[in-house]
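S.K.: Sequence:
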Amino acid sequence: MLVVGGLALLVLGGTGVLPDVTEGIGAVAVTSAYTWALAARTGGRPIVFAALAAVAGAVVLLLDTQELRTGAAVMTCTVGAVLGVMATVPARQFLIAVREVVIAVVLAGGAAVAAVGYAPTISLVRFEYTVLALSFVVVLGLVYRLGAGLHGLGRRGVIAVVVGSLVLAVILAYAEALRRYGATSVVGSVLDSASWMLETVGGVPRPIQAALGVPALAWGTYMRARRRQGWWLCIFGVAATAPVANGVMNPSATLLQALLGVVYSLAIGFVIAYVVIRADLALTGSRGSRARRNEERSAVRPEPSRTRPLL
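Residue 171 in UniProt numbering sits at position 171 of the sequence shown; the count goes up by one each step and never skips.
None of these hints come from the bench; they were simulated from the model. Think of the CB as a built atom: it goes at the ideal place given N, C-alpha and C, for glycine as much as any other residue. Be aware that a few hints might be false.
[Claimed, not checked] Cβ-Cβ distance ranges computed for the label pairs, FRET-style: (1) Val21 with Glu303: 39 to 45 Å; (2) Ile103 with Thr254: 20 to 26 Å; (3) Val201 with Leu95: 37 to 43 Å.
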């Protein structure tokens, strides 16, 4: 209810129905609610952390400096990205994994909308990297405990983490090299392609979401129903949730364009995830549709429900 009320205040304040300060109040309400939910999910003290978030948000609104507003926006997006991953549950079937990824992205989107209410002054690239890095570090610390430490990785977990890290490094390095040192013709072709997609289908998928974040989170939730190693794959799920904030924060894109970009990223990512999961089952599991159904029925590794603490 607090999240719904906060988002309502954000909309009413942003459309001019209520005073501008209403946006900030709504942002603080959503940040506090998300902090409470993340603390409860990870076995912390939800009342204490939610109260601290509310006090910090009130200080941001009272002092009203660019640095504090930007910091509050970063914190809100980070909490939303991490909560999106932590709120998932194991998926016995691929369609359930799809549902879990969608829930994670929606949660991250709510935090991104709240971050806009702080009216931050940002460098878009720096903001994206900061939120992604902070989210990755926080999730890594949590998964280290949920995944039984490094010795819980196993051979398959090590391979998955190494491959995921390489994909993340390649995507970030390529994007940064293209932005800083790319040849004019190459950059021009990329921009032309993005412009064509905006005009034709209304949005541009994010490579880091489509190629890494969505497949990793879908495969991770699918694997978690079978073995604890799946949590290590879910680390890269922040590559699906964290970029949502960047799309919403982009002043050159409309909310519809940001939404369609996420939808296209999800569609591409689910195709990749399906191929990866089927390949994993073909290499390590039993062949045939009946064998797969039996494998799904036997995938009953217990985890707390979505509303219960993981730790």
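S.K.: For Val21 and Glu303, compare the CB-CB distance with the range 39 to 45 Å and indicate the outcome.
M.R.: For Val21 and Glu303 the Cβ distance comes to about 41 Å; the hint holds.
S.K.: Please test the hint of 20 to 26 Å on the beta carbon pair from Ile103 and Thr254.
M.R.: Given about 24 Å between the Cβ atoms, the range holds.
S.K.: Mind checking the hinted window 37 to 43 Å against the Cβ distance between Val201 and Leu95?
M.R.: Given about 25 Å between the Cβ atoms, the range is violated.
Of the numbered hints stated above, the single one contradicted by the structure is hint 3.
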